[in-house]
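There are 2 protein chains.
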Amino acid sequence: MDEAEALRRLGEARVGRLATADRQGVPHVVPFAFAVDGRTVFWAVDRKPKRSKRLKRLDNIEANPNVELVVDHYDEDWEALWWVRAAGTARIVVDPDERDRALALLREKYGQYRTALPDGPVVAVDLVRVSGWQSR
Amino acid sequence: MDEAEALRRLGEARVGRLATADRQGVPHVVPFAFAVDGRTVFWAVDRKPKRSKRLKRLDNIEANPNVELVVDHYDEDWEALWWVRAAGTARIVVDPDERDRALALLREKYGQYRTALPDGPVVAVDLVRVSGWQSR
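Protein chains in written order, with numbering that gives the first Met the number 0: chain A, 0 to 135; chain B, 0 to 135.
There is no bait here: all hints are sound.
Since copy identity is lost for identical chains, a pair holds within one copy or between any two.
Straight line, CA to CA, 20 Å or less: simulated SDA-like cross-link-like pairs of lysine to any residue:
no.	residue 1	residue 2
1	Lys-55	Val-127
2	Lys-108	Glu-78
3	Lys-108	Ala-12
4	Lys-108	Arg-98
5	Lys-55	Trp-81
6	Lys-55	Ala-86
7	Lys-108	Glu-97
8	Lys-108	Asp-45
9	Lys-108	Trp-77
10	Lys-55	Ser-130
11	Lys-108	Leu-80
12	Lys-55	Thr-88
13	Lys-55	Arg-128
14	Lys-55	Asp-118
15	Lys-55	Gln-23
16	Lys-108	Asp-76
These are computed hints drawn from the structure, not numbers from a lab.
None of these values were measured; they are calculated from a predicted model.
The following block holds chain A by itself, in its conformation from the complex (with noise of 0.2 Å):
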């Protein structure tokens, strides 16, 4: 799989599972809805009840900016079996307009977004590999 067609599936993917670390190398991964701009992968932190302690995977952002996330095809039949991976650099977004124009990125992919805007942090990767796996 090319590069384009990876970031074409990044793109489309509904859901990707995030991997962080902590300083010690610890690591910790997490579903998470996500939307793709050229070679960023913005997501935001919804506001959920018993928020109020920190989410590790912002912790661990803070600690060691290295991630990476995964979108994948499971099927039980194990020749439709496809990955893309992409690693990068996450940040916490703090520039008002790129966390307005990551928001309007969420709600345009996700109608879930349309009713409750993420009103926690928002977080931008900046990906510097992508690639995709595909079985025959």
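Following the hints, position chain B against chain A.
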């Protein structure tokens, strides 16, 4: 979600995503098939074409045995989302009896393994923490 329910969902999931990290804390995440035996997760490396180079996840585990895996349900109805995360330490299975047991569990769970068992390394993840989340 209590731990028993989290372990039940982990065991039934057909695919998970496994996060490892290298010695520098750079995370890596891939979809994977696995079987659960008590508080141990087993997976095996398939024979694949062009598998001459070592898998990154095996290199990572040798350098840093900390791993985390996640199984989840994605649904366009975000009230139906859930995930289970399991963290632990990974090791290559060297005991032949344990390897046989792991491969038997994998074959039992996945019909796809009945015609061709994986012939690469088998990895055990001894779980130290299992937690679940469910949208309401």
